[in-house]
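Peer 1: Line by line, the protein sequences give chains A and B.
No gaps in the numbering here: position 142 of the first sequence is 141 in numbering that gives the first Met the number 0, and each next residue is one more.
No gaps in the numbering here: position 39 of the second sequence is 38 in numbering that gives the first Met the number 0, and each next residue is one more.
Careful, some of the hints might be misleading.
Label-pair distances were calculated between CB atoms; the ranges are [said to hold, decoys possible]: (1) N87(A) / T97(B): 24 to 30 Å; (2) T111(B) / Q100(A): 36 to 42 Å; (3) P56(B) / K53(A): 33 to 39 Å; (4) N87(A) / I118(B): 34 to 40 Å.
Cut-off 27 Å, straight-line C-alpha distance, at most; resulting in silico cross-link-like pairs (DSS-like, lysine-lysine) [to be verified]: (5) K69(A) / K80(B); (6) K80(B) / K62(B); (7) K69(A) / K86(B); (8) K73(A) / K80(B); (9) K96(B) / K151(A); (10) K119(A) / K58(A); (11) K176(A) / K80(B); (12) K53(B) / K69(A); (13) K120(B) / K165(A); (14) K73(A) / K99(B); (15) K73(A) / K72(B); (16) K123(A) / K108(A); (17) K165(A) / K80(B); (18) K53(B) / K63(B); (19) K80(B) / K172(A); (20) K120(B) / K176(A); (21) K53(B) / K73(A); (22) K80(B) / K99(B).
The set of hints was computed from the structure by calculation and includes no laboratory data.
For each residue, glycine too, the CB sits at the ideal point set by N, CA and C.
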Amino acid sequence: MKIINSLTKSAVWLVLSTSFLSLSASAQQSQKLTDPEIASVAVTANQIDIDYAKIAIKKSKNPEVINFAKTMEKDHGAVIDEAVALVNKLGVTPKDNATSQSLNVQAAKTRRMLNSKSGKEFDKAYVDNEVAYHTAVIGDVENVLIPDASNKQLHDLLVSAVPLFKAHLEHAKMVQKSLEK
Amino acid sequence: MRKLLAVSGIRVCLLFPILFLFSCSSPDKKSTANQIETKESMYKVDTVTMNMMKFNPEVLNVKKGDTVIWVNKGLVAHTVKSYQGNKFYSDTLEPGKTWKWVVEDSAAYYCTIHPTVMIGKLVLK
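The following block holds chain B by itself, in its conformation from the complex (with noise of 0.2 Å):
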């Protein structure tokens, strides 16, 4: 009987102790996660596709540090080009390619090598 008093004596001292971490460590580690999980859905990524000498779409609402990646599903190459101070330049991207770039501002854009066709548009909400 006092042997088996003991054993349970010792089996609640060492759960205890790790039931009381788990119970304060838990919610923190839920808190990080959902902190992350909030920051990450801030931010959207969204695709441009160059095909058919047009992007697809060609006017594009995004916000504040949401990423664009532009992807290049043509027969030939083009590039991304900012018209009003050098936003921003892709390199050329040959057809497959991608180029990705994190939204600061408005911006009205154009391929360099096909300039009367090829024009978008991204803009700030």
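So here's chain A without its partners, still in its complex pose (with noise of 0.2 Å):
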């Protein structure tokens, strides 16, 4: 009965971030994003990940969920490092938006959450939001950020990222089976 309650807070939680990120996407759509605010929200999208995996990285045991974490912390950083200097070189500044602010706000929840499980519990709860996170993700990145990307070099950066994010997804669902063995 403790497990059933337990998976249904996490199923419960999943929905309610999957659902934020659409509904922050949708209010998007009503208003043309900025390149200085698609930059924020790249930037931030990428963080909230690495602060994921450190999490990961210091509360898991599993290796495999180890492993994923550390490949999300190096991968998402490299995206930041190419974010920072495309910025840099177009001379922009990621400006603080409605969409970066609500991730945030969102995130620290999230991380609230996993901080507060240990074990199996936690190595499930990790990488069901990894899912979640990453499928949220890729749909504002191309349904949103790309089709407003105004720069050429940013749309391209954001289009280039896209099969990375796919990639991530398909190691967390692989993960994700391997947990329910």
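Got two chains here, separate frames each, mind docking them using the hints?
Peer 2: Below, the structure is given as structure tokens:
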């Protein structure tokens, strides 16, 4: 019964997280994001996943989960480095906006949720969140950030990041499957 | 007149050994060069790029002795590792880095960092 309750809570949490990201995307559809705002959202979204990964590296005992988390930390760090190099080159200053602020508020809740768990329960919560988070981010990048980007180099960077996020999603699903065994 | 004949004689004497040596050594040099050329043309160098989370080409036809160079043109680091028998395993290749391997056998390979999507194959012909 305790396990069922825990699983139900996790499922509700994931539905809320995913629907939040969809809502933020639909809110953006009414007002086009500027390039400085897109840069801010991109850096924020990548940093959020790095922070989740750091928690997993610290808390998990599962080598597969730790390995996945290390990949997330390194890959999303590389995307941030590219984004920062590009905005410096273009002379653009990332501009904080409603979407990046909402992402940070939701991420703080998710970090609290992850920090409250341990052992196998933590591993499942972390990996389930990675599947939901990457699914939502891919949708937002493809449907909002890429269409809104005005600068070609920023547009191309976002396009080149999509296959990476899709690879992360597939990797997360693989780890999710192995945790079910 | 005598002087002229003597000079001509010396010239012939000097030219003959030079021409003789040239005629003997020239074909040898040519044949050595041909051998190297033939050996070099037996093996080719192929490039596989790593970009947009894919090996390109994903399947590469090769011959034993060919060299394959993997070039990371992507955003993030990758590796190249054979599935079977630890035939080859590159270092971590940061963006812009390359790694090469001389083909010994057919091999299916993957990126250990992104194992679900980055898969390639070398097919020995």
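Peer 1: Take the hints in turn and mark each one as holding or not.
Peer 2: Tested hints:
1. Range check, N87(A) to T97(B): Cβ separation about 27 Å, and the 24 to 30 Å hint holds.
2. In this structure the supplied range 36 to 42 Å holds for T111(B) paired with Q100(A), their Cβ-Cβ distance being about 37 Å.
3. At about 37 Å, the CB distance of P56(B) to K53(A) agrees with the hint of 33 to 39 Å.
4. Under the hint 34 to 40 Å, the C-beta atoms of N87(A) and I118(B), about 35 Å apart, fit the expected range.
5. Under the criterion of a C-alpha separation no larger than 27 Å, the hint pairing K69(A) with K80(B) is consistent with the structure, at around 19 Å.
6. Between K80(B) and K62(B) the alpha-carbon distance is near 19 Å, which keeps this suggested pair within the 27 Å criterion.
7. For the hint pairing K69(A) with K86(B), the CA-to-CA distance comes to about 26 Å; that is within 27 Å, so the pair holds.
8. With a C-alpha separation of about 19 Å, the suggested pairing of K73(A) with K80(B) holds against the 27 Å cut-off.
9. Of the pairs offered as hints, the one joining K96(B) and K151(A) holds, with about 25 Å between alpha carbons and a cut-off of 27 Å not exceeded.
10. With a C-alpha separation of about 10 Å, the suggested pairing of K119(A) with K58(A) holds against the 27 Å cut-off.
11. Restraint check for K176(A) and K80(B): satisfied, since their Cα atoms lie roughly 23 Å apart, inside the 27 Å limit.
12. Distance hint between K53(B) and K69(A) is fulfilled; the C-alpha atoms sit about 20 Å from each other, no more than 27 Å.
13. The hinted pair formed by K120(B) and K165(A) meets the criterion: a straight-line CA distance of about 22 Å does not exceed 27 Å.
14. Of the supplied pair hints, the one linking K73(A) and K99(B) holds, its CA atoms being roughly 24 Å apart against a limit of 27 Å.
15. Of the pairs offered as hints, the one joining K73(A) and K72(B) holds, with about 17 Å between alpha carbons and a cut-off of 27 Å not exceeded.
16. Simply put, K123(A) and K108(A) have alpha-carbon atoms about 17 Å apart, close enough for the 27 Å limit, and the pair holds.
17. Taken as a hint, the K165(A) and K80(B) pair is honoured in the structure, with Cα atoms around 21 Å apart against an allowance of 27 Å.
18. Pair hint K53(B) plus K63(B) holds up; C-alpha atoms about 24 Å apart against a cutoff of 27 Å.
19. Pair hint K80(B) plus K172(A) holds up; C-alpha atoms about 22 Å apart against a cutoff of 27 Å.
20. Restraint check: the Cα-Cα separation between K120(B) and K176(A) comes to about 26 Å, which is no more than 27 Å; the hinted pair holds.
21. Straight-line distance between C-alpha atoms of K53(B) and K73(A) comes to about 18 Å, which keeps the hinted pair within the 27 Å bound.
22. Distance hint between K80(B) and K99(B) is fulfilled; the C-alpha atoms sit about 12 Å from each other, no more than 27 Å.
Checked against the numbered hints above, the structure breaks none of them.
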